[in-house]
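**Student:** Fit chain X to the known structure of chain B by using the hints.
In order, the protein sequences belong to chains B and X. Quick note: the first sequence uses the UniProt record's numbering, first residue 1, plus one each step. Quick note: the second sequence uses the UniProt record's numbering, first residue 1, plus one each step.
Heads up, a few of these hints could be off.
Straight-line C-alpha distance at most 25 Å; calculated DSS-like pairs for lysine-lysine [to be verified]: (1) X:Lys82 with B:Lys82; (2) X:Lys73 with B:Lys6; (3) X:Lys111 with X:Lys82; (4) B:Lys21 with B:Lys37.
Bear in mind the hints are in silico, worked out from the structure with no lab data behind them. Since the structure is predicted, the reported quantities are computational estimates derived from the model, not experimental observations.
There are 2 protein chains.
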Amino acid sequence: MKELKKRIREEGKVIGSEILKVDHFLNHQIDPVLMFKIGEKFADIFENKEVSKVITIESSGIAPALMTGLALKVPVIFARKKKPVTLDEGSLSTEIFSFTKQVSNTVYIEKGMLTADDHVLIIDDFLANGEASLGLTKIIEMAGAVVVGIGIVIEKSFQDGRKRLDHAGYPVFSLARIASLENGQVTFIER
Amino acid sequence: MKELKKRIREEGKVIGSEILKVDHFLNHQIDPVLMFKIGEKFADIFENKEVSKVITIESSGIAPALMTGLALKVPVIFARKKKPVTLDEGSLSTEIFSFTKQVSNTVYIEKGMLTADDHVLIIDDFLANGEASLGLTKIIEMAGAVVVGIGIVIEKSFQDGRKRLDHAGYPVFSLARIASLENGQVTFIER
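Chain B on its own, in the form it takes in the complex (with noise of 0.2 Å):
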């Protein structure tokens, strides 16, 4: 996605050789027209899934999952990373590992929100490790429903949730691909 890299290449700011920072219009301050065309872009990308729900964990995955949501015409759920006072008993659960954040959280869903009769499109900021997309994957399967694909915001190439996903067979699609974060530069894999 074209307006995509331009805004990582002009915003982007490159931490260490592993970190993009994307505060100014993904995950800290959401820039909400670009989030639009991001969720019009997956709901193209997927559209033959038959998607009946769109799925993220709180907080950085609501905007682009949101967005994909609206553009499907479908709901929009995010898996919780604190079991709120609120959730009723027998939800959904798994442990999940975030390495930039260096803590595992366990993320819920609330039991009933996913049927067996339900096409899951998983929505993510980034994809790293593949810790939250493999994590999403297991709530989905334990409901019985099934993964119709992953769309990624920004994918950081050279870290190996891409392969670990293409390896458990679910279909991914980044919006950015990141080959390198070396030398303070953001170089992007071409298709």
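**Tutor:** Chain X only, in chain B's frame:
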């Protein structure tokens, strides 16, 4: 907002006399089409305030805030409850106590994201004791920016948040105002 009240009546679940659970369209599963309409409504209400930024707190405020930003064509900032490893030094922060979760959170906004020229609209999913909105007003004013209004999806008018915000002089507009949740019944304040 008629459609919102209908959804609260039909899908809301009252727990005790203080908690309204709207996890099927607002803060766990989200209805993106309803959120889009909510965003347009807030944009209408605050259209003369020269809003330059919309601000909320992760996670449940993100959906209505994002759609309001989309309608107003301005950036949306979500304050973070955990200090991300990628956050710069010198961020703005304040303490917010959540009565629902019975925990105190420090919320953060990165330095430089708000300037003294900003006219900021606060959007949140719920107004109960007003802690979250008052915390955001503090951060906004620390940055020298102006709070031009507060838009709330669901106001629990039987708690004292509305009174506290009115008293502090902020213009508040709530799309649904709940007079009482007694006996498992949602009673609205009708305008």
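**Student:** Please write out, lowest number first, the hints stated earlier that are contradicted by the structure.
**Tutor:** none
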